[in-house]
Amino acid sequence: MKIAIIGSGIEVFTCGHRLLDKNSNLEIHIFDEKAESGMYGEEPGLFAEWPLTPINWIGSLFSQQPNKNSTAIRYSWFVKALSISLAERGANLHLKSVVKNIDSGIIDFHGAGYLATGKMKFDDIIDFRDNDSNEIWYGGVTTSKTNIEIFGIRPDQTIEVWGKKKNIKGNFIQKMEWRGIDPQCALIDRINKGIDAAESTISD
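For the sequence shown, my numbering gives the first residue as 4, with consecutive numbering after it.
Keep in mind that a hint or two might mislead.
Keeping only pairs whose Cα atoms sit at most 20 angstroms apart, straight-line, the calculated EDC-like set for lysine to aspartate or glutamate is [as the list claims (entries may be wrong)]:
| no. | residue 1 | residue 2 |
| --- | --- | --- |
| 1 | K122 | E36 |
| 2 | K103 | D126 |
| 3 | K37 | D130 |
| 4 | K122 | D135 |
| 5 | K99 | D130 |
| 6 | K71 | E52 |
| 7 | K83 | E152 |
| 8 | K196 | D185 |
| 9 | K148 | D159 |
| 10 | K178 | E45 |
| 11 | K5 | D106 |
| 12 | K168 | E152 |
| 13 | K37 | D111 |
| 14 | K169 | E152 |
| 15 | K5 | D111 |
| 16 | K124 | E36 |
| 17 | K122 | D106 |
| 18 | K196 | E52 |
| 19 | K5 | D127 |
| 20 | K196 | D130 |
| 21 | K5 | E45 |
| 22 | K37 | D159 |
| 23 | K122 | E30 |
| 24 | K5 | D24 |
| 25 | K83 | E39 |
| 26 | K5 | D130 |
| 27 | K196 | D24 |
| 28 | K103 | E152 |
| 29 | K168 | D185 |
| 30 | K5 | D126 |
| 31 | K168 | E180 |
| 32 | K124 | D111 |
| 33 | K5 | E202 |
| 34 | K5 | E91 |
| 35 | K196 | E45 |
| 36 | K25 | D127 |
Don't read these hints as lab results, they were simulated from the structure.
Could you build all of it, start to finish, from the sequences and the hints given here?
Here's what the structure looks like:
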């Protein structure tokens, strides 16, 4: 069975891992518009407890490996670790590839991946590209304590914060912008979104 997953978010990779857990013989193809999975743009990495996925889904996180005091992780590194381990399990990653059209199970795409441009037919297509939220959150990464309510401590001891005000106060080494409902549960919600999509695609 040949399955395509379209998108760049963490749900793409948790979906792929769960599909292979259910059936290791699946042929998985991921179409990602980014040149590198997890590249460009940080998103909320807050969590209540670790691990958020089975440990075997995660490649090396280096300095972002959570410890008992961690309540956040750098989102891009987490995505990259999941994508690397998914590729090691045999998934095909079409990076920097844009899906132009989907018709009757056929994906028409172009890009810089190993197949560059072409059409491929799939038994199932899972598309994660839509994000219909208009709610904007502003985030930052700092090394000092903050009064901002929504925050998490990363393994490298930097602090990730999120708020509704655009001009968040403090000395930040990075600033971020994200569209969604709640940054506190965004990470686990997206992880579960991918897992749920896999479960509904391949039933026991």
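- request: Provide an ascending list of the numbers of those earlier hints which the structure does not satisfy.
  value: The structure conflicts with hints 4, 7, 21, 22, 28, although it agrees with all the remaining ones.
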